[in-house]
Structure formats: C-alpha cells, structure tokens
Amino acid sequence: MIRFLASRVGFGAGVLLVLSAFVFFLFFVAPGDPARMIAGDKATESQLQQIRKNLGVDRPIVVQYGAFMQKALSGDLGFSYRNQQPVAPIILRRIPVTLSLVLGGALLWLSIGVPIGIMSARHVGSLRDRLGQAFILVGLSFPTFVLGMMSLYLLYFMPKQAGFTLFPAGGYKALTSDPLVWAWHLALPWTTLALTMAAIYARLTRGQMLDVMGEDYIRTARAKGLSERRVVWKHGLRAALTPLVTQLGADIALLLGGVIVIEQVYGLQGVGALAVQAVANQDRPIIIGVVLLGGLFIVIANIVVDLLYVLLDPRVR
Amino acid sequence: MSETTVNEPSPEADVVQRGSFALTVRRLRRDTASMAALCVILAVILLAIVAPWVAGITGHSPIEQFRETGLSPAGIPVGPGAEFWLGTDQLGRDVLVRLAYGARVSLLVGVFASMLASLIAVVVGTTAGYFGGTVDLVLSRLTDLVMSVPFLLCALALVSAFGPSLALSVVVIVFFSWAPMARVIRGQVISLRRQDFVLASRSLGAGPLSIMVVDILPNLAVPIIVYTTMQIPNSIVFEATLSFLGMGIVPPTPSWGGMLADASSNSLYLVAWWLIFVPGTALLMTTLAFNILGDGLRDALDPKSARTVRRLRRQPKAGTKP
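These protein sequences, in sequence, are chains A and B.
Numbering of the first sequence is given in numbering that gives the first Met the number 0, commencing with residue 0 and proceeding in unit increments.
Numbering of the second sequence is given in numbering that gives the first Met the number 0, commencing with residue 0 and proceeding in unit increments.
Please keep in mind that the hints were generated in silico from the structure rather than gathered at the bench.
Check each hint, because a few of them may be wrong.
Said to hold, decoys possible - Pairwise CB distance ranges, derived in the manner of DEER restraints:
#1 Thr-31(B) <-> Val-180(A): 30 to 40 Å
#2 Ala-220(B) <-> Ile-299(A): 51 to 61 Å
#3 Leu-102(A) <-> Thr-31(B): 51 to 61 Å
To be verified - Computed far set for chain A versus chain B, every beta-carbon distance over 12 Å:
#4 Phe-3
#5 Lys-70
#6 Ser-79
#7 Pro-95
#8 Met-118
#9 Ser-226
#10 Ile-287
Only a predicted model underlies this, so the values are computations on that prediction, with no experimental measurement involved.
Here a beta-carbon is modelled for each residue, glycine too, at the ideal position from N, C-alpha and C.
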C-alpha cells in the first residue's frame, strides 16, 4: 500500500515537473521579449537591458528554470508582467469563484446524471431508457458556450424584456455576504456546467448498472426480500461508485484549474477568466502559475482518488 | 419507420449470403437515428462545398461588410430577411455566407485532427501493446502524462506563446486527443497478440512490423472507425472553443466558434438572437449527428456489443416497439 502510494506521488511529482518544464521552455523558445512587454515600445535599449537583468532573463535558460523551481516550491511564482504584483496572491484571490462554481456544479450534475443513468439502466429498451439516452447524447454534444449563451438569452434577456428579472446576467457575489444572492448569481452557470457534465455521469452510471444488475449478489439481495429501491441504490450503486469517484475526481480537478468557458460566458472572475486575460496580455508568469496550479489540482485529485479506492472497494484492501 | 420495412426481405425470400460489409450497411440502414444523423452530416458537407455558390447567389462575400444595407442606422445588425437570409453580424456581414464558409473550417479541422489523433493513437497503442515490457511502460506513462494535464490551459499557453493560427489549432487538438484512444488500442492489442493467428504468422517467419500491420491492424478496424468518428465532434467543439476564446482561427476568416465569440464579445446577441442561434444550432446539430452516427456505427460494426445483445434479449419484453 505504502509502495503503491509512493509510486503515485512520484508520478504526480513527475507530471508537475514535466508540466513546469513544458510551459517554462515554451515561453523561452516562443517569440517575444518580456522586457519589451513590461517597458513598452518607447523604452531604450539600456532600459531593456536593466529590466532583463532584474527579471533574470539574461541568464542561461537552465539556470532560470532552476531558480524558478526553487522559488515555486516555496510558493513564490514571481511577479506579473502587467502590474508587478506577486502571481500567487493574484491567483489565490480568484479561487473562491472557481471553487463555488465547480463544487455547486458537481453537486448538481451528480444529482441529475446518476438518477438518469439508474433510470435508464433499470428500464433498458423502454421509452424512459431512450429519453435517458437522448439526454446523454444531447448533453455530450452541446458545446458549453453555446448552452451558456442560449441560457443567458432565454432565461436572462427574454424575461428582462418582458419586464421581470428571473436570473442575473452573471457576476459573482461572495458567499459570506449573502448565501442566497450568491446562489442566485451562480444558478445559471451551475446549470450550464451541470447539464453538460451530467451526460457523462448518466452514461457512466447506466453502463455500470447494466453490468452490475446481472450479478449473482443482486439476485441474492432480491431473493432475501429487499425492496427494489434498496437493491438498486445500495447494492447496485455501490459497485458503480468506484468509476464514478474516479471520474468525479478527475473532472473536479480539471475544472478547478479554471472553468474557462463558463467563466468567460457569465463574466465570472475566476481562475479560468484570469488565464484568458493573461493570454490576451501576454502575462507569462501568470500563465505559468495557472497551468502549474491546474496541474497540481489534477495530481492531488489522482492521489485522493487512489486512496478512496481502498475505502470504497473492499477487494483492494 | 415505413421505409425501413421496405428494405427487409420477407421471411419467404431466399437465403442470401452476405459479407460482413453488407451486413454492417444493412444494420446501419435499419437504424433510423443513424440515417438521420448521416443526412445532417451530408447536409453540412454540402453546405461547406457549395459555400462559394452561396456567396455567389446572395452576392455577399464572407468578409464583405455591408454597412449601408446590413446594419440599421443605429448600427444594429439586420435580422433574417429577403436580402440577408440569416441576418447580418455586428459588422454587417452575411451570417449565412459566413456559416457556409465556417462549416469548411469546422469539418476540415474536425476530420483532419481526428484522423491525425487516431494515427498517433494506433501507432502508440499498437507498439505499447505488442512489445510490452519497458516499451509499454514508457509509452503508457506518456499516455498517462498527456491525460493528466490541464489540456485547455496548456492549449492557451501554447497559443499565447506562438500566436493563434489554423495549423496550431490542429496541432493542439491532436496533441491532447490521442491518449484515450491509444489506451483502448493498447488493451485490444494485448489480447490480440496472444491469439493463435499471431503465433502462426510468427512461426512462418513474420517480423514484428509485419505482424502488427498485416495481422493485428485489420482486427483493430472497428475500434479505429468508431473512435475516430466519435473524436470528430470533440475536435469540432475543441476548435470552436479555441476560436470562441479568440485563440483559434484568426479573424476575419469565418469559423462557427469565432462567430459565436463575435456575438458574445459585446453582448450583441441579446439584441440579435440569430447571432447565437444560427451558428450555435449548426454546431450542436453537427456534433450531435457525429455522436449519433458513432453510436450507430459501433452497434452496426460489432453486433456482439453489449448494447445490441441486450436489446435483442429484451425484445420480447419491450414488445413490438422497434
């Protein structure tokens, strides 16, 4: 077990190392002079030299990378080219928005996707199954930003034109000030995220339940007189739990690195919106920071999922 | 429903021997959803092909701005009508013509990137599965690595470093899409390489390359076809997302994602619904059609697949419903 865990942590560290090297060297080989980005077009050559020296970009790339990693390990990700503020706090400030969006969305997509998958699997071939399958296909095919823009038009703009406000256009209100306002502002983003993600979970649940419901122990559970509800939800779903948890861990981690599209559509100032702004501004330290943070979330989630396996599946223990 | 029954031979008809291709086509043709999806895909392909004619008939080029006729005096886009069939965008350009040219970009990127990704997946998966050992370990770790990377963030980093372009979009999509399929192919190859026909080939003196290409590859046709088809909508959405974020196709070249980005950039779509519903519906219909066709192909190519077997087994209970 410890050996297994150590190998997972080792792989995670490897992923972060490769990822950091990838973005770091990417910006090194890419065209564009950071000193020019900071100083603007009017700067003289000697000013540029001074800025390069301050940034340390006049040193060999390997030395730069080593220095960067050394600082990064202690949480120092350098300074934004744009406003000279430290990168780490800039990113951390954005996390509550993204976290609210992802965790609320995850609750919603699980409570939509899993029941639809179970319903579909329990009534294979029926009308209900085909409705479930249609939901899965449409959900998988709907580009997130199209769904977001259509929801904004239909649920924000049209009611507003008719004279009442059903949902706000977007923006983020802190949970600490008023939870109801917070939830109201996130309702549309949550739904948009949840509807596209729920399809994945419905498909996964359906497939797993179809496999499981034919097993002997399900017959045993039925034979000892358990109610169908108990058989499905307790004995059936238990076996489907492991792949669901794997998928959930991966999805939450991926989205915590920025729900880029939804934040963009609804004007939420989360990590993803920060990444898009940083790309538009060519603010490389921020881009590197966000990519590393995204990688860190994924690595941590992988390890947590591996640990949960042991709790969920007695066969691994 | 009625046209599918026409194609079925009556029970009294002679027994006909059919090849596996003919059987697949027969199964696919009986699947109404797949045939409808195929029609949508053909329509989109047709739209992409006839884009210059659309421009010719309407008399509007995709990047021409009609500031006099295409915009209201207040600068608001004109809705669908006789002059502009699907309305105009914020610069007074014809949405229909741009939609037709955008279909070219979507299909080109979608199909090309998916095929390239499949090619990499087949090479990596087959090599890893066939050789095993250290080769497998290295390639599998590489696959894991690509799959555990925040791909959209990395795509953004790549685009910010090199600037957006069509070629870079394709490279980014291919780079982040081959891994899941490589995993599937590897699994298939591991079970295939233990089969007797591989042993027979080897005892006849065939080398690894020959075995992989001549013996194993044909057996991978089904997963390759199905996964490539299912990858196409992913690639199309990926490209549209990049363009939507302003990091894909460079304006003024029309692309569906770019059209939606224009509509979104100043919340213009709130006064001009066609700016989201026209390219949005086109995008949704195309991805939906490819996904349905992929599902149908999987069932038609592999009649043993769990779905079909179950459907057949449940047939009596499900009644006469098709």
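Okay, the hints, checked on the actual structure:
no.: 1; hint: Thr-31(B) <-> Val-180(A): 30 to 40 Å; result: violated (48 Å)
no.: 2; hint: Ala-220(B) <-> Ile-299(A): 51 to 61 Å; result: violated (40 Å)
no.: 3; hint: Leu-102(A) <-> Thr-31(B): 51 to 61 Å; result: violated (41 Å)
no.: 4; hint: Phe-3; result: holds (15 Å)
no.: 5; hint: Lys-70; result: holds (19 Å)
no.: 6; hint: Ser-79; result: holds (14 Å)
no.: 7; hint: Pro-95; result: holds (19 Å)
no.: 8; hint: Met-118; result: holds (16 Å)
no.: 9; hint: Ser-226; result: holds (22 Å)
no.: 10; hint: Ile-287; result: violated (8 Å)
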